[in-house]
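Engineer: Residue strings, one per chain:
Number of protein chains: 4
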Amino acid sequence: MFISTQLKKGRLYVMVIVMKHNSGEKEIKEVTRVLEQLGLGVHISKGTERTIIGVIGDKRVLCGVPLELMPGVEKLVPIVESYKLAGRTFKPEPSVIDVKGVKIGGKELVIMAGPCSVESREQILEAARAAKKSGAQFLRGGAFKPRTSPYAFQGLEEEGLKLMQEAKEETGLLIISEVTSERTVEIADKYVDMFQIGARNVQNFQLLREVGKSQKPVLFKRGPSTTIDEWLNAAEYIMSEGNYNVVLCERGIRTFETATRNTLDISAVPVVKSLSHLPIIVDPSHAAGKSQYVLPLSKAAIAAGADGLIIEMHPNPRCALSDAAQQLTPEEFDNLCKDISKIAKIIEREFKYGG
Amino acid sequence: MFISTQLKKGRLYVMVIVMKHNSGEKEIKEVTRVLEQLGLGVHISKGTERTIIGVIGDKRVLCGVPLELMPGVEKLVPIVESYKLAGRTFKPEPSVIDVKGVKIGGKELVIMAGPCSVESREQILEAARAAKKSGAQFLRGGAFKPRTSPYAFQGLEEEGLKLMQEAKEETGLLIISEVTSERTVEIADKYVDMFQIGARNVQNFQLLREVGKSQKPVLFKRGPSTTIDEWLNAAEYIMSEGNYNVVLCERGIRTFETATRNTLDISAVPVVKSLSHLPIIVDPSHAAGKSQYVLPLSKAAIAAGADGLIIEMHPNPRCALSDAAQQLTPEEFDNLCKDISKIAKIIEREFKYGG
Amino acid sequence: MFISTQLKKGRLYVMVIVMKHNSGEKEIKEVTRVLEQLGLGVHISKGTERTIIGVIGDKRVLCGVPLELMPGVEKLVPIVESYKLAGRTFKPEPSVIDVKGVKIGGKELVIMAGPCSVESREQILEAARAAKKSGAQFLRGGAFKPRTSPYAFQGLEEEGLKLMQEAKEETGLLIISEVTSERTVEIADKYVDMFQIGARNVQNFQLLREVGKSQKPVLFKRGPSTTIDEWLNAAEYIMSEGNYNVVLCERGIRTFETATRNTLDISAVPVVKSLSHLPIIVDPSHAAGKSQYVLPLSKAAIAAGADGLIIEMHPNPRCALSDAAQQLTPEEFDNLCKDISKIAKIIEREFKYGG
Amino acid sequence: MFISTQLKKGRLYVMVIVMKHNSGEKEIKEVTRVLEQLGLGVHISKGTERTIIGVIGDKRVLCGVPLELMPGVEKLVPIVESYKLAGRTFKPEPSVIDVKGVKIGGKELVIMAGPCSVESREQILEAARAAKKSGAQFLRGGAFKPRTSPYAFQGLEEEGLKLMQEAKEETGLLIISEVTSERTVEIADKYVDMFQIGARNVQNFQLLREVGKSQKPVLFKRGPSTTIDEWLNAAEYIMSEGNYNVVLCERGIRTFETATRNTLDISAVPVVKSLSHLPIIVDPSHAAGKSQYVLPLSKAAIAAGADGLIIEMHPNPRCALSDAAQQLTPEEFDNLCKDISKIAKIIEREFKYGG
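Residue numbers (this note's numbering), protein chains in the order written: chain A, 287 to 641; chain B, 287 to 641; chain C, 287 to 641; chain D, 287 to 641.
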């Protein structure tokens, strides 16, 4: 891969070209043409006032081009933050990630729902129907389960993904499932519409590079003890391989408090929004660890500006093979969707309750 | 004080009497009469289905009374949680704390606003007018400031409280200010409508007992490393002295994350609501430490079910003598109140923007 | 008090005068004479290479004196850290705190031992004899107990201190006990040789100022979520009132780990030694919360450079009214002292096992 | 692999057979013979009082054998902890891991030293000579570096391992280096004597299973926010694949304190010793993040009972390409080894300073 090779040789450089506010389409096109001819990566961000062109490439090539003298160019700004492609400097306006027509980070809120683990055909189909009925756009479900103990249920693996695909065919929901290694990326790629990287793998850089080589969107969860800065740097591992379709997911951090499984860092929503252009959704189920707190945390997340939610919901939570305490019933999930649709209007977002 | 003396002798007992669901006013009155005659503390909670009578008193007295045989009594339930008066078992329905007509914990949301420290007559009057204009019910302002360094500004002390009183007379706002010791409780008592106990004093038990001896309402902040369980136990120190007018305030806990001053534990709102009957408000200013995050966190708090907010607002934040980075301007505060009033409606609460 | 008044008016200034390395006694005396005549506080630190004179006082007075022109003066250095008197800049060489002949911070290691709470005459006498027999220099014991729940045993109060005094008379041990408020400082002052400020009161600034007004040595525990920087600033509250006899005590911080009650921050020992001149001892009992871990943690603390230990030991831990799980038996404590005396030699310290 | 297959099918069962204390070699052999004939895994632990036989295998096979009736058998005890092979119940006496003749967990302390990253032939050879000279048994050095930012130096990869091998041939030191994925395990396997799993991969279960399929010893670091319980469960992932040669390494956990990079959880040493039979060493370099604190933390670790240390040492720390602030100079490392050899004697361990 282009970027990855240059990274290894330590020659990669990322900067932005700020265009003059009166520069026109012609100047932008000319700068772009020159950059592309040199084999450099180009990203154009058209703001309300001026256009910014992000440039990625070989330091030695960039050095030889007198870009600052080209018509319409105001100045060149190198990116000094350790994360570059994920930052607001490189791309000032928010990114909208398109997953087969469902847009994450736009006006519409996105809800992903489904059981912690795919357990059986009946279970996943029932969950999918309930998710669809209330308005969710994605079906979630774990097929490769990273569990604290090797003796705990580890998931149905490829069989689970096939069942999800069946649910997708019936309901039209997009599907998302966790990948945990090169091998599981390869298998999941055949079934899922979006990869999920779980909290435990937030700094499994080999895995991040792997999904970075794909163009398939990635839902990238924060680790329970990852700072926001480290998380954005980890996202950069995916993006620096060429996959810009990254959606962040806050899912609670580890603190001394024991009343909840983790502590939902609600502030991460506005903090990420100010540092990065990537969309961010919230997983209240893992943060709380108890189903009774999922509804208030979901409302809080949306009110704080999150672009969506990922919710654990199970046709029969008491019988769940994993995370039984935190999964909603279909009824509870339906109420949640109804409430979210009401809040959405107030904050100038949208969510179609009932699909 | 009655309870305190019994506590020392280790004889205090707290239990609830669950009345039969068909028991009437007559039976309740009779049980109450007997308990009061014996010098026991009585708290009646009338629920939609049945009435619960909380009883506090000397273990030896209680042992001698065959309460379970009285007409209308279904059963006696001892309270085994380490906090008793603060818990839901003792009082199943939510408490509403009345501060001179402003009710905290009811349908109406309560907003307290004002500068970190009272700095001058002009500053506090200006802040009060802005608070009033946008709809706040309380003026906050620090007169006795506990600061990390002894060389930092320590507050105007009694002079500051007098200035707050002047602001109160002009605007009609209620006033709240922090107390830090027996001496400051005594002084503040002359001026404030509600005491505030700050995060650093959450386990200053001597101070808690002191405000417990008063009947003046207390805003009781969580410490940055206090578990919710410890916090409710600390509230019990106030309540066991006889002051039941306690409002809890979540203000962020200490974690490894450095992007914010503290991590707002938004989950504390539903957790406290499920464990305790006490109202809970949120302080997003200290949690975030940066004014730009105060608005999204405020919305999140209200959406999660908080009964109100306490917001740092300064006529000129850049010149503030303390916590400059986290105080809102009057304009920002006004926008916040407007947004809160919109969310309030959706969640069946009320807030009169513009007062 | 002198400093406290100046602090309030915001005029306090702390700086050091670095003397030339060939300056003699005469020059030092002359500088000192001038400073004292002006009513300024003076602290002389004679190092192996040069002498440093710490100066505290009214900014306006200091401004008028051309100190840099006096013979033997090399330069004036203002102290910019937020803690001044507690820092290494003000006093480069380590402080040794003398408690009635027992020196804390010198070559000899100091061990304080005794029960969590004073419970009875027999219990405290037995504990004192065991402590003395193994070589401890101090008897510890709680008389005013700050407990998480108001319903837990709160200590024997003054009666407990009287029993400790009796134990002191019999064994010759010095006594140390916790104070929690102005009132308890007043009472304890009559009995104890050293005040203890507990973790919960680390930022109870009123209490810190109170013990700062005394000259009695203070053992000052870190709070479970206090950074080292905040802790040294809190120590400054005591010192800025004039009491320089402060000994720090690391007792574990609050983290997500639940295998121990708190996490002993062993690094705090070398960190404090590099930032401050104050002695530091370690409390492994509260950090671990389980008696089986006290011995290895004690050895670690001494090996890391701590100046001593404070250990919970009870004649009969199983029957203890508080902290039963973490108190050593007299036999376990005796083994600990034996092991510490061996390690002491290796690291050029001393501890007389067996007294 | 045997165990792994059974795990997937959920049939794996682990228990211990406690032999009567007067049972002899003959009874033990007979029980063992029966178990092995049935294809079950057997681990014999001969204690001073009685022998314990650990048994792993297919639940259905085990159910059919009346083991409790065999001569010499006292009772069968199922293992209920979530980690089984890593726990003390399964194997009461401490494990000693033999790495080509160097024993970790025995009387002798083991020191691993070397630079954070292998940077050049000269650098690694110089580091190796210094490590050897002071008595270290292992050379450490990063070839595959997982770095927070993708733009930071990522290591020399296989080239680095070849340089380490050259250093090994010259000095006779064993070599250890981090692996981060299936591919790097495969490459490193050709060069290293011991795999290292870094903190970021503590719950990269795929990687753990991968090194579990080898018989090569593994140094397994704790994650910065992993509880000890989770860490032992993660070790179980390696062991349940058949590789019992696991050495644990405490390297600091993430807390709110910022004076050090992480907070060394020194209590983890005695806690792990009480819960598990696996050896544990300490990495003070990553915990402290500053070279000045490495010596006191190293002494503390050994005094607390650690079986060894892993120390970052660089011929010229100021020029290091990674972790410059925390690497010792060869002289500082030499002093550390000298001090450790002195402490070793006191606590009945051994370390040959100077090799």
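Honestly, I wouldn't trust all of these hints.
The list cannot tell twin chains apart, which means a pair is met if one copy fits it or any two copies do.
Said to hold, decoys possible - DMTMM-like mimics (lysine to aspartate or glutamate), calculated; alpha carbons at most 20 Å apart, straight line:
hint, residue 1, residue 2
1, K386, D515
2, K419, E316
3, K628, E335
4, K624, E634
5, K502, E456
6, K631, E445
7, K502, D384
8, K638, D384
9, K499, E468
10, K389, E313
11, K454, E311
12, K576, D515
13, K386, E412
14, K454, D625
15, K393, D625
16, K386, D344
17, K624, E408
These are calculated hints, taken from the structure and not from any lab test.
Owing to the predicted nature of the structure, the values given are computational and were not obtained by experimental measurement.
Engineer: Would you list, in rising numerical order, the hints stated earlier that this structure does not obey?
Structural biologist: Violated hints (numbers, rising): 1, 2, 3, 5, 6, 10, 11, 13, 14, 16, 17; every other hint is consistent with the structure.
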